[in-house]
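One-letter residues, chain by chain:
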Amino acid sequence: DTAVSQTPKYLVTQMGNDKSIKCEQNLGHDTMYWYKQDSKKFLKIMFSYNNKELIINETVPNRFSPKSPDKAHLNLHINSLELGDSAVYFCASSQEGGPRVLHFGNGTRLTVT
Amino acid sequence: GENVEQHPSTLSVQEGDSAVIKCTYSDSASNYFPWYKQELGKGPQLIIDIRSNVGEKKDQRIAVTLNKTAKHFSLHITETQPEDSAVYFCAASLYNFNKFYFGSGTKLNVKP
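Residue numbers (the working numbering), protein chains in the order written: chain Y, 35 to 147; chain D, 178 to 289.
The shape of chain Y in the complex, shown without the other chains (with noise of 0.2 angstroms):
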């Protein structure tokens, strides 16, 4: 069973479109997030939720639009996709309390012509 799942792996589209990331977790954790890996291997925190609630939202694009429905659920829309979004982009998962053990999924490589 893969604990944090997200679909889809390979995401290629033009520029001006929109997509969405989804992540699924299983772990039964409080906290998801989304993380951006540029070219440079970079890795970037983008958004976390804590039980459905937007606790980090760093200076992203507001083109860049986050929804969790519930706390196993942890989405990415993107709008009016642009050259620079190019990346990949990992979902996570931690439980609270203690040390925040990021538990990754596999990453959606999203390529933007």
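Be aware that one or more of the hints could be misleading.
Stated by the list, open to error - Subject to a maximum C-alpha distance of 27 angstroms in a straight line, what follows is the list of computed DSSO-like cross-link-like pairs (lysine-lysine):
#	chain 1	residue 1	chain 2	residue 2
1	Y	K75	D	K219
2	D	K199	Y	K78
3	Y	K70	D	K214
4	Y	K86	D	K219
5	D	K219	Y	K101
6	D	K248	Y	K43
7	D	K276	Y	K86
8	Y	K56	D	K214
9	D	K288	Y	K86
10	D	K276	Y	K101
11	Y	K70	D	K199
12	Y	K75	D	K199
13	Y	K70	D	K235
14	D	K245	Y	K86
15	Y	K43	D	K276
16	Y	K75	D	K248
17	Y	K53	D	K219
18	D	K284	Y	K75
19	D	K214	Y	K75
20	Y	K75	D	K276
21	D	K248	Y	K105
22	D	K248	Y	K78
23	Y	K78	D	K276
24	Y	K101	Y	K53
25	Y	K70	D	K284
26	D	K219	Y	K43
27	Y	K78	D	K214
28	D	K248	Y	K74
29	D	K284	Y	K105
30	D	K276	Y	K70
31	Y	K105	D	K199
32	Y	K43	D	K245
33	D	K219	Y	K56
34	Y	K105	D	K276
35	Y	K74	D	K288
36	D	K288	Y	K75
37	D	K219	Y	K78
38	Y	K105	D	K219
Calculated from the structure, these hints are not laboratory results.
The hints should help you fit chain D onto chain Y, whose structure is shown.
Leaving out everything else, chain D in the frame of chain Y:
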């Protein structure tokens, strides 16, 4: 905010040798330092972590050391094996806090 720097960006070692990856952080309030390993096509996975009240922690072939005064911490891998080849990330955060600052990653290549 916190700034984490990681060196080297690439590291190539012969199988059986040791590998050391170093990180520095800027915020003295950071007190939790995990290391993640990212294999090709996968998400990062926690391999070891250390809290600021401890100077060293070991788990089989891997160890992490922390120097709070100098604000640096290191990952040590002994007796490297080809399956250790991956990208390694250090990170810093506040314990019991959701925000992590990651280093830029080290690509480790272990040559058989």
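Hint check results:
1. Y:K75 with D:K219: 12 angstroms, holds
2. D:K199 with Y:K78: Holds: K199 of chain D and K78 of chain Y sit about 19 angstroms apart, inside 27 angstroms.
3. Y:K70 with D:K214: Within the cut-off at roughly 16 angstroms; holds.
4. Y:K86 with D:K219: 26 angstroms, holds
5. D:K219 with Y:K101: At roughly 24 angstroms apart (the allowed maximum being 27 angstroms), K101 of chain Y and K219 of chain D satisfy the hint.
6. D:K248 with Y:K43: 38 angstroms, violated
7. D:K276 with Y:K86: Answer holds: K276 of chain D to K86 of chain Y is near 17 angstroms, not above 27 angstroms.
8. Y:K56 with D:K214: 24 angstroms, holds
9. D:K288 with Y:K86: 45 angstroms, violated
10. D:K276 with Y:K101: With Cα atoms ~19 angstroms apart, K276 of chain D and K101 of chain Y stay inside 27 angstroms; holds.
11. Y:K70 with D:K199: 23 angstroms, holds
12. Y:K75 with D:K199: 17 angstroms, holds
13. Y:K70 with D:K235: 30 angstroms, violated
14. D:K245 with Y:K86: Violated, because 36 angstroms separates the two Cα atoms, which is more than 27 angstroms.
15. Y:K43 with D:K276: Status holds; Cα separation ~25 angstroms.
16. Y:K75 with D:K248: Since the Cα atoms of K75 of chain Y and K248 of chain D sit roughly 23 angstroms apart, the hinted pair holds (cutoff 27 angstroms).
17. Y:K53 with D:K219: It holds: about 22 angstroms lies between the C-alpha atoms, which stays within 27 angstroms.
18. D:K284 with Y:K75: 10 angstroms, holds
19. D:K214 with Y:K75: 12 angstroms, holds
20. Y:K75 with D:K276: Holds: K75 of chain Y and K276 of chain D sit about 18 angstroms apart, inside 27 angstroms.
21. D:K248 with Y:K105: 36 angstroms, violated
22. D:K248 with Y:K78: Status holds; Cα separation ~21 angstroms.
23. Y:K78 with D:K276: Holds, at about 10 angstroms.
24. Y:K101 with Y:K53: Within the cut-off at roughly 13 angstroms; holds.
25. Y:K70 with D:K284: At roughly 18 angstroms apart (the allowed maximum being 27 angstroms), K284 of chain D and K70 of chain Y satisfy the hint.
26. D:K219 with Y:K43: 10 angstroms, holds
27. Y:K78 with D:K214: 16 angstroms, holds
28. D:K248 with Y:K74: 25 angstroms, holds
29. D:K284 with Y:K105: The hint is violated at about 34 angstroms.
30. D:K276 with Y:K70: Satisfied, since the Cα-Cα distance of roughly 14 angstroms is no more than 27 angstroms.
31. Y:K105 with D:K199: 36 angstroms, violated
32. Y:K43 with D:K245: 40 angstroms, violated
33. D:K219 with Y:K56: 17 angstroms, holds
34. Y:K105 with D:K276: 18 angstroms, holds
35. Y:K74 with D:K288: 23 angstroms, holds
36. D:K288 with Y:K75: 22 angstroms, holds
37. D:K219 with Y:K78: 16 angstroms, holds
38. Y:K105 with D:K219: Holds: K105 of chain Y and K219 of chain D sit about 23 angstroms apart, inside 27 angstroms.
In this structure, the hints that do not hold are numbers 6, 9, 13, 14, 21, 29, 31, 32, in rising order.
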